[in-house]
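Top to bottom, those sequences are chains A and B.
For the first sequence, the working numbering assigns the number 411 to the initial residue and increments by one for each residue that follows.
For the second sequence, the working numbering assigns the number 4 to the initial residue and increments by one for each residue that follows.
These aren't lab readings, by the way, just hints derived from the structure by calculation.
Computed from a prediction, not measured in an experiment: that's the story for all the values here.
Hints may contain errors.
[Claimed, not checked] In the DSS-like style, the derived pairs of lysine-lysine whose C-alpha atoms are separated by at most 27 Å in a straight line are:
| no. | chain 1 | residue 1 | chain 2 | residue 2 |
| --- | --- | --- | --- | --- |
| 1 | A | K525 | B | K324 |
| 2 | A | K525 | B | K332 |
| 3 | A | K515 | B | K332 |
| 4 | B | K332 | A | K520 |
| 5 | A | K515 | B | K14 |
| 6 | B | K330 | A | K515 |
| 7 | B | K320 | B | K330 |
| 8 | B | K14 | A | K518 |
| 9 | B | K361 | B | K14 |
| 10 | A | K525 | B | K320 |
| 11 | B | K297 | A | K515 |
| 12 | B | K256 | A | K515 |
| 13 | B | K361 | A | K518 |
| 14 | A | K520 | B | K256 |
| 15 | A | K427 | B | K123 |
| 16 | A | K525 | B | K297 |
| 17 | B | K358 | B | K256 |
| 18 | B | K256 | A | K413 |
| 19 | A | K542 | B | K330 |
| 20 | A | K523 | B | K330 |
| 21 | A | K515 | B | K35 |
| 22 | B | K297 | A | K518 |
[What the hints assert, rightly or not] Derived list of chain A stretches under chain B, where covered just means 3 residues or more per stretch with a C-beta under 8 Å from a C-beta of chain B:
| no. | region |
| --- | --- |
| 23 | 491-500 |
| 24 | 528-542 |
C-beta: ideal position from N, C-alpha, C; glycine also.
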Amino acid sequence: MIKRKLVLSFPEKIVTKPITYKLVKEFNLEFNILRAEITPDMEGKMLIELRGDKNQIDQAIKYLSRTGVPVQEAEKDIIIDRNQCVDCGVCTSICITQALSLDTKNSKLKFNKDKCILCELCLDCCPVSAIKVHI
Amino acid sequence: MAKTIEEINEKIKTGKVFVLNAEEIIEYAEEKGIKKAAKDIDVVTTATFGPMCSTGAFINFGHSDPPIKMTKVWLNDVPAYAGIAAVDVYIGAAELSETEGIRYGGAHVIEDLISGKPVKLKATGYGTDCYPNREIETYITIDTINQAYLFNPRNAYQNYAVATNSSNRTIYTYMGKLLPNCGNATYCSAGQLSPLLNDPYYRTIGIGTRIFLGGSQGYVSWHGSQHNPGKERLANGTPCGPAGTLAVIGDLKQMTPEYLRACTFHNYGVSMFMGIGIPIPVIDQEMVEFLKVKDEDICTEIIDYSVQRRNKPSYGKINYKQLRSGKIKINGKYVQTGSISSYSKALEIANVLKKEIKNGKFFLTAAVNPLPAEEKYNSLEILSKEEL
Chain A
411 MIKRKLVLSF PEKIVTKPIT YKLVKEFNLE FNILRAEITP DMEGKMLIEL RGDKNQIDQA
471 IKYLSRTGVP VQEAEKDIII DRNQCVDCGV CTSICITQAL SLDTKNSKLK FNKDKCILCE
531 LCLDCCPVSA IKVHI
Chain B
4 MAKTIEEINE KIKTGKVFVL NAEEIIEYAE EKGIKKAAKD IDVVTTATFG PMCSTGAFIN
64 FGHSDPPIKM TKVWLNDVPA YAGIAAVDVY IGAAELSETE GIRYGGAHVI EDLISGKPVK
124 LKATGYGTDC YPNREIETYI TIDTINQAYL FNPRNAYQNY AVATNSSNRT IYTYMGKLLP
184 NCGNATYCSA GQLSPLLNDP YYRTIGIGTR IFLGGSQGYV SWHGSQHNPG KERLANGTPC
244 GPAGTLAVIG DLKQMTPEYL RACTFHNYGV SMFMGIGIPI PVIDQEMVEF LKVKDEDICT
304 EIIDYSVQRR NKPSYGKINY KQLRSGKIKI NGKYVQTGSI SSYSKALEIA NVLKKEIKNG
364 KFFLTAAVNP LPAEEKYNSL EILSKEEL
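Construct the entire structure; sequences and hints are all you get.
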C-alpha cells in the first residue's frame, strides 16, 4: 500500500464523465478529494490523495492520461511567491512536516517540496499572501 | 576614552569610519575585548522589519476648484481621518477598506502610493462660503499630492511577547495563526539586531535621532505610545517583554515598497511591515557592553493568547536563541516557533545602513532630548463618572 497526492486536470469536454469512479472500481484505489474546483467554461482541477497498490496507482495514472486527464504530482503546486515573501518565517511554525523552514545560514525561507503533504495549514497564515496553492 | 557624535561624523565625512552591524559586534567584542572594541568601532547598525500597526501617513492633497473642506475622505475606499484642516488627512495603516474588508487597508494605500500607483480619492464636505464644493472624486499619485509624511505613533517595540494558544480551536491574532493545544508559538522581535535592545536604557536613541525609515532617512519624533521603560529587566539591561517604543517620522515620498510592506493577518486585520534601522554611536565602553548583547541573553515571556482578557497567563520565559532554533518546550511538549518579524530583512537593513554610513551618505545625530526613563503604564477601566 502506498499513498500519493496528485492534481488531476479535467478539460471541459470530459468534466461530465465519472472518471474518479473508475479509480475505485477498476483499480481498487481508495481516494480522498482534498480540494476540487470545476467551472462550466474552464477546466476542472482536483487535488486527490490516492491510496493503494503501487502498480495499480501507476496503471490508474496511465488510464487517466489516456482518458485526457493530465496528472501532476501535487507537491509541485504549493507556490512560494519569492517577490512577495519577506522571509519572516511565521509559516514555519505552522508547517507540521517542516517543509517550510528558515535557512540557518541566511534566515531566508526554504521550501522543501518533498516534505510537503499539502495540508494547506500555511495558506492563510502568510501576512503578505506569498503562499499559494495552484489548483 | 569617550567618543562624541561630532568626532564620528568627521570620520564619516573623511571615509575613516568603522561600522559593524549588531550581529558582527558580538564576535568582535568577544575576540578583541570591550576596550579595543570601544576604541575601534564607531557605529553599530541595528534594525528591525516587522508588522507595526501603529503606522500611518499625513497627506495634503492640494485644493480642488471649486475648493472643498473635506470632512469625510476615502482613499481606494479606505476611510482616512479628515478632522483636521480642509485638505489634510491621516491615513492609518490598520484602517479597513469599506468594499474589500481586511484584504485591503490603509497600509495597502500607503504601499500603493510609494509604488507610484494611482489611488482613488473621494471626499465629501458640508459646503461653506469659502469651501463651496460638497463632493469630489478624483485620482492622485505620490507625485500629485503635496506633503506626504509617515508619522507612526508606536514602532520598534523594545521586545515583545511570544504567543501560543492552549484552547482547542485555531485562533487568529495579530501574532498570526495560532494552532490549538499550543500547536505553535510566534514571536516578534529582531532580538540581537533590534534597535532598542541594543540601547536598552536609551543612552543614544532619543528625540531627533536620525534613522533609516522605510528606505529613507527619517527621525525619532517622540517616545512611542505605550512606552513602558519600567518593565522588568535582566542584568544586561534588556527588558523581559514589551517595554520602550518609538514614534517616528519621515518623508513618504522617499520611501520604497521594499522596506514598507502592507500585510493582512487572516481574520484579524491589516498592518504594515516597517523597516527601521538605527545607528548607535559607540560612545564608550559601556555602550559596547550593551551592543554585544546576543539572542541567548535576551528573554521574553510566553503568553497564552486563547485567554480573551487583558491579563493573559504566562508559560514562563524563553530566550531568542531558543525561539530562533524553531522549537521550544511549553509544558514539557515541543512546540514549533515562527517569527512575525523578518530577521533576514532586518539584517539587510542593518547592512544597507552600514553601507550608507561608510559611503558618507548617512550622518549621526545627537538626541535633542532623551526618551523618558520612567513612564506610567495605564490600563483603561470601564467606569462611571462618579467612580473616576
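Each hint, compared with the structure:
1. With a C-alpha separation of about 25 Å, the suggested pairing of K525/A with K324/B holds against the 27 Å cut-off.
2. Annotation: proposed proximity of K525/A to K332/B holds, straight-line Cα distance about 23 Å (limit 27 Å).
3. Proximity of K515/A to K332/B is assessed by CA-CA distance (about 23 Å); at most 27 Å being required, the pair is judged to hold.
4. In summary, the hint linking K332/B to K520/A is supported, as the alpha carbons are separated by about 23 Å, within the 27 Å threshold.
5. Restraint check: the Cα-Cα separation between K515/A and K14/B comes to about 32 Å, which exceeds 27 Å; the hinted pair is violated.
6. With a CA separation close to 17 Å, the supplied pair K330/B and K515/A stays within the 27 Å bound.
7. Proposed proximity of K320/B and K330/B is supported: the alpha carbons are some 14 Å apart, at most 27 Å.
8. For the hint linking K14/B to K518/A, the alpha-carbon distance of about 34 Å lies beyond 27 Å, and the restraint is violated.
9. For the suggested pair K361/B and K14/B, the alpha carbons sit about 9 Å apart, so the restraint of at most 27 Å is met.
10. With a C-alpha separation of about 32 Å, the suggested pairing of K525/A with K320/B is violated against the 27 Å cut-off.
11. The straight-line distance between the Cα atoms of K297/B and K515/A is roughly 17 Å, inside the 27 Å bound, and the hint therefore holds.
12. Pair hint K256/B plus K515/A does not hold up; C-alpha atoms about 34 Å apart against a cutoff of 27 Å.
13. Using a Cα cut-off of 27 Å, the hinted pair K361/B and K518/A holds, with the two alpha carbons roughly 26 Å apart.
14. At roughly 33 Å between alpha-carbon atoms, K520/A and K256/B are farther apart than 27 Å, so this suggested pair is violated.
15. Our distance criterion of 27 Å between C-alpha atoms is broken by K427/A and K123/B, whose separation comes to about 47 Å.
16. Note on K525/A and K297/B: the hinted pairing is violated, with a Cα-Cα distance of about 32 Å set against a maximum of 27 Å.
17. Distance restraint check for K358/B and K256/B: the Cα-Cα separation of roughly 22 Å lies within the 27 Å cut-off, and the hinted pair is therefore satisfied.
18. With a C-alpha separation of about 54 Å, the suggested pair K256/B and K413/A falls outside the 27 Å cut-off, and the hint is violated.
19. Taken as a hint, the K542/A and K330/B pair is honoured in the structure, with Cα atoms around 25 Å apart against an allowance of 27 Å.
20. At roughly 21 Å between alpha-carbon atoms, K523/A and K330/B fall within 27 Å of each other, so this suggested pair holds.
21. Only pairs whose Cα atoms come within 27 Å are accepted, and K515/A paired with K35/B is accepted, the gap being roughly 24 Å.
22. Proximity of K297/B to K518/A is assessed by CA-CA distance (about 20 Å); at most 27 Å being required, the pair is judged to hold.
23. Residues of the region 491-500 of chain A lying with their CB closer than 8 Å to a CB of chain B number 5, which satisfies the three-residue condition for coverage.
24. Remark: the region 528-542 of chain A is confirmed as covered by chain B, as 6 of its residues place a Cβ nearer than 8 Å to a Cβ of that chain, reaching the required three.
Consistency with the previously given hints fails for numbers 5, 8, 10, 12, 14, 15, 16, 18, ordered from lowest to highest.
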